[in-house]
Amino acid sequence: MSDSAPNDREPRVNPDSPSPIGLPQLTLMMLKVGATGFGLGMVGVLQQEVVTRRSWLSQEEFADGVALANLLPGPIATDVAVYVGYKLRGWRGAALSLIALLAPAFAIMVGLTIAYLRYGRAPHVQGLFAGLNAAVAALVVAVAYRIARSSLKSAAEGGLVCAAFGALLLHANLVVLMLACGVIGALLLAPQRKSET
Amino acid sequence: MINLLRVFLVCAKIGALVFGGGYVMIPFIQREVVSHYGWLTERQFVDAIALGQITPGPIMITATFIGYKVQGLAGAAAATLGIFLPSFVMTALAAGQMMRLRQNRRVAGFVRGVLPAVVAMLLAAAIAIARPVVGDWRLLLLAFAALALLVKFKVDAVYVVLGAGVVGFLLER
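The listed protein sequences correspond, in order, to chains A and B. Position 83 of the first sequence, counted from 1, bears residue number 83 in the working numbering, the numbering being contiguous throughout. Basically the working numbering = 1-based index in the second sequence + 1000.
Keep in mind the hints are simulated off the structure, nothing from the lab. Since we're looking at a predicted model, the values are computed, not measured. Possibly wrong hints are sitting among the right ones.
Capping the alpha-carbon separation at 30 Å, the derived lysine-lysine pairs in DSSO-like fashion look like this [what the hints assert, rightly or not]:
no., chain 1, residue 1, chain 2, residue 2
1, A, Lys153, B, Lys1154
2, A, Lys153, B, Lys1013
3, A, Lys32, B, Lys1154
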């Protein structure tokens, strides 16, 4: 952990570089990551650009961002990008990072949506979408498996999965279900106090 | 205008709740966008996720599809802004409070409790998504092959989704 001040609200610049990293450079780098990374894979691309190639942040600082992203809602990769942007150039850096990261995806998605709404019902693409459907079903199961493997650490959590699944079969409200499980977790699953002062 | 605001708010609500990564939007979109508002059919919803996966960038860019479907380009912008705004604000606020947040055991416990709910929600969503697949043994086989590639062989989801699309296309000919 390299944060020296306990309360570093102020954006920090790279201590090794004499001048702060330019917003245009930051924006261009995020554009590149947004255009070449896919989903969670963007985290790896971002790490390559920010830590390995440019040394804008240390490995530890970057890892802190990933840990933070796992605590907060939102896609891991965009959360990490916002963290990187904020660390380097404060709110403006964070906002430009998000916009640049999303710009390529937004443009491509609008194009795909227009094409889909126009040609998606054509008979010869029905097979294509049936195949995609099979893959998406597998993908969602794979994501559930990945989250379960990395985060379910005790029988209590396994029980919580079963209880939540049962509640879903009874058409429980998703928000209520999620917050209820969160509160149960905060009360019963909070990690033991270690060296907190 | 009403629609635009509603799309923004629905997406912002989803964006504030996706603990555990972008895929967690899937059960919420299913409930809100498909079942409650009827903005997408079940079919379009699955297709939109597939398109979000083969597009570079975060999977949550699927929101752009939803917004466009409801209200054209302005809707696409409103939905995209809405779904990414909550996590943007939270992350930037928290970036300066890193130590305090990470050491807070209640926060850690909350997330530990939320993730089992997320797993259950994803599994429930998968059942609904798999419904059209189960009726066709070739698609079922394709789904299991895709699952094996994703979980066992750690193949990148982009290739699996694209490959399954190609296989489906060839099967239909």
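Structure-based check of all given hints:
Distance hint between Lys153(A) and Lys1154(B) is fulfilled; the C-alpha atoms sit about 22 Å from each other, no more than 30 Å. A C-alpha spacing of about 29 Å is found between Lys153(A) and Lys1013(B), which places the hinted pair at or below 30 Å, so the restraint holds. Simply put, Lys32(A) and Lys1154(B) have alpha-carbon atoms about 24 Å apart, close enough for the 30 Å limit, and the pair holds.
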